[in-house]
Amino acid sequence: MVVLNNIIAIFRKELQGYFTSPLPYIITTVFWLMSGFFFWVLLLSPFGMIQDINAQEQMGSPLPPIDIAYEFLRGFFDVMGSLVLFILPILSMGLYSEEKKQGTLELLATSPLTNWSVAVGKLLGVLTFFITMIAPFLLYEAIAFNTAEPPISFPVPLLAHLALILLAASILSLGMFISSLTDSSIVSAILTFFVVLFLWIIDILSNTVSGTFGEILSHISLLNNYNTLVKGVFDTSSIIVFFSYIILGIFLTAQSVETFRSQRN
Amino acid sequence: MKTFLKKYFWCLGIVFIVAGLISSLLSPTQSIISIILLILGIILIIGWLIYLSNRANFWQRRSTQTGTNALISTLSVIVIISLLNFLSFRYVFSLDLTETKVFTLSPQTTEIVKNLTQPLKVWLFEDQGYKKDTSLLEEYTKYNDNFQFELVDINKNIAVTQKFKVKNVGDIFIEYNDKRQKIITLNPEMQLTEITLTNAISKILQDQSYLIYFIQGHGEPALTVSDGGMSQAKGTLEGLGYTVNSLVLASENKIPDDCDVLILAGTKRKLLDSEIKLIQEYVNKGGSLFLLVEPEIKTGLEPIFKEWGIELNLNHIIIDPSTEQIVTPIVSFYGDHPITENFNNDISIYDFATPIGTTSVEGIDAIALVTTNEETWAENLETLTENTAVSFDPNTDIPGPLDLGVVLTRLQSETEIIKNNDKKSTEEKPNNDNKTTEEKPNNDNKTTEEKLNNDNKTTEEKLNNDNKTTEEKLNNDSKSTEEKLNNDSKSTEEKLNNDSKSTEEKPNNENESIEEKPKETSPKTEDKTEENTSETTPETQENKPEKMIESRLIIFGDSTFATDGWFENQLNGDVFLNSVKWLINDQENPLSIRPKEFQNRRLNLTPFESTMITLLALVLFPLLSVILAMFTWWKRQ
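Chains as they are written, first to last, in this note's numbering: chain A, 1 to 265; chain B, 1 to 637.
It should be emphasised that the hints constitute simulated quantities derived from the structure, not laboratory data. One thing to keep in mind: the hints can contain errors.
To be verified - Derived lysine to any residue pairs resembling SDA-like cross-links, with alpha carbons at most 25 Å apart: (1) B:LYS142 to A:PHE243; (2) B:LYS101 to A:PRO65; (3) B:LYS121 to A:LEU217; (4) B:LYS101 to A:ILE50; (5) B:LYS101 to A:THR147.
Starting from the given sequences, assemble the full structure and let the hints guide the process.
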């Protein structure tokens, strides 16, 4: 119970930090502008899906059954999966490096709070901020999917959102660990970005390499598992991969802070 | 920054090692770059360790101890997580949330895959850099460990590629026991679907293999790749899972009991009486006979023709005035029969064909399979001299439409058959007498067409000799025969090719065989080996005396249409294959797996709703965020 309260306390403090400083809002502005643009381009623009299908139907060409809502959802979340990879390192960069820079990490490290509960609280804080960032999607989707004929069923869109949140949590968790290694936010952001890039390369490799090695790569590839969930398949192994990344990130962060403390003593 | 570099210098070494490993895995040959990278990485890490140990009492320091502790616990956590992931990968639970269950295999598929008792392997032959999509195959593997698949790089794994005789990038083969069968060649239009894969599996699982015998020994088209051979027909049949053998009746002196279809195609000389007798016995036992006769050639099968009510006018050839080459009739009318039910009015092409006439015989059901159009007629070659133009002469010629292919079924009890046999033997004699008189004029009246063929033959033969043993030979051969065909009837042919290219290509792609047997050296040895391999499919009707016996016979007045080059033209291949399939009586009912389709759904956004989303997404939300950023910034100041 105490542990939970501690986590909530850290979580609150962290979240407050995000909502009261201008930088997260600037990132949010960019993210909303870009995601809004992709939403518009993929669905509503003259090159969007609705126009495209309409044009094809008017040409009289026989079309196979197309679920526009589903197709759009996959297309949009595919783009979002790549877009957040660039945004997330900026969100996670200050998690520990700022504390280190300001010298508050000593306080945290020597406080009665366990290292991992601090890490969990911080991760939850930044994740909640990210969820707020993607919340407007729900509003757009609600308006668009409300007009679906026949009406849409909800499990698939919900699973897609869950997948995006899990993907974000995994990368934020790794970013948090990297942030705990350095006292410079910029270095942390760049290193996290390299890790993301590395994960991306794993995804590409998993598509070209065959054999057991390729199989392992495709299993640990975040984007691959993300796509599995987005297409509407609730796969336990994908969920476990995401949680593995999250737990690994939290554990490494706790270890890193532990080493930091022992080095200070 | 400097301490950071000092601390994490070893990371650089690891990066180099990983880069070296990946590049060595990716490149087909051992490249010098990967080795350099590996060595560089190892040097960096060793150098870092040396640097550390040179520092005063490094190993005794507390930070080193906690560092090692952290390292050990980190490693153990990574091992635990890896194990957990391995287990989750092995015992996966997945739930398809899509409405139409697009990503779930059908019950038929899961049933088949679950019941696999022996390893079944799917091989994908691909090029480097090919974007693989193995999600479907992965789905299959979840149901049974006996189902495996492997991706083979054509350029890397040459041994396997040659074992399967892979011809194209994207070929997919299925292997079960020793049987190997090609499923499809992947291309952007042709993806591997559950329907094709499951049907291929169910096909290869069927132990039963139908046996098809081609009678040889009288100048029939060879089954090997040769001029005017039938290697394409043979290959396609084998691709469908049938076993194709040649049979030299005169030396074997019997028709194997396991023979499902007996094919006599384009014989050039008369069969021996003993051979005819064997064929008759075979048919009377409920066998299936496929005859492809050529004009002007006496086969000696007259007793069988008489028995089945077939009337041949071998000295007549079908003239189709609407085609460029009037002796190559183009047919678009087909009988109402399972063999031709999907043909609609698509065309098939024949060359130098003779009309097949029928008279009604009790107990025999005859249906015309292929019928020429009304403008055609059968020209009597006896009346034709070199100087006269070919035209319809009502006195000597037979007016169209003419039947080119006829399918006959006979349902008889055994006693009736015996009775018929006795009758036949007495009738055989007069028939033979007629033959000799008929044969003479036919030889004199050979048309220019044949000369043309002979000319082409010599050049083709040369071409064939050059690359006899290779696989390419098949392609070359078919090409050259096709060229001939094109020369014969250029304009119409080209038109037709364009019209129905797609229908013609399909069956060939799907059913290409890989079990191409090595070139037979002599018919005798070949027969011996083949007899050993074929010991399945007992004739079921044989032992029941009072049961009605059904015999099937298909006769075509042309054999050229099924030879290499012609076979792949238009519907020719389908005419031949469907006929054989029907003769086999192969109850081929592919599993009725419904194709996976999405729910057909549209979004009917009104202009207002569409504008609202645009406004929200592109203006309002970004604006809100900007305002908040400015507000917090102002507050901090």
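Hints and how they fare:
1. B:LYS142 to A:PHE243: Satisfied, since the Cα-Cα distance of roughly 22 Å is no more than 25 Å.
2. B:LYS101 to A:PRO65: Given that 25 Å is the threshold and the Cα spacing comes to 14 Å, the pair holds.
3. B:LYS121 to A:LEU217: With a Cα-Cα distance of about 22 Å, the restraint between B:LYS121 and A:LEU217 holds, given a limit of 25 Å.
4. B:LYS101 to A:ILE50: holds (24 Å)
5. B:LYS101 to A:THR147: holds (23 Å)
In the structure shown, no violation is registered for any of the earlier numbered hints.
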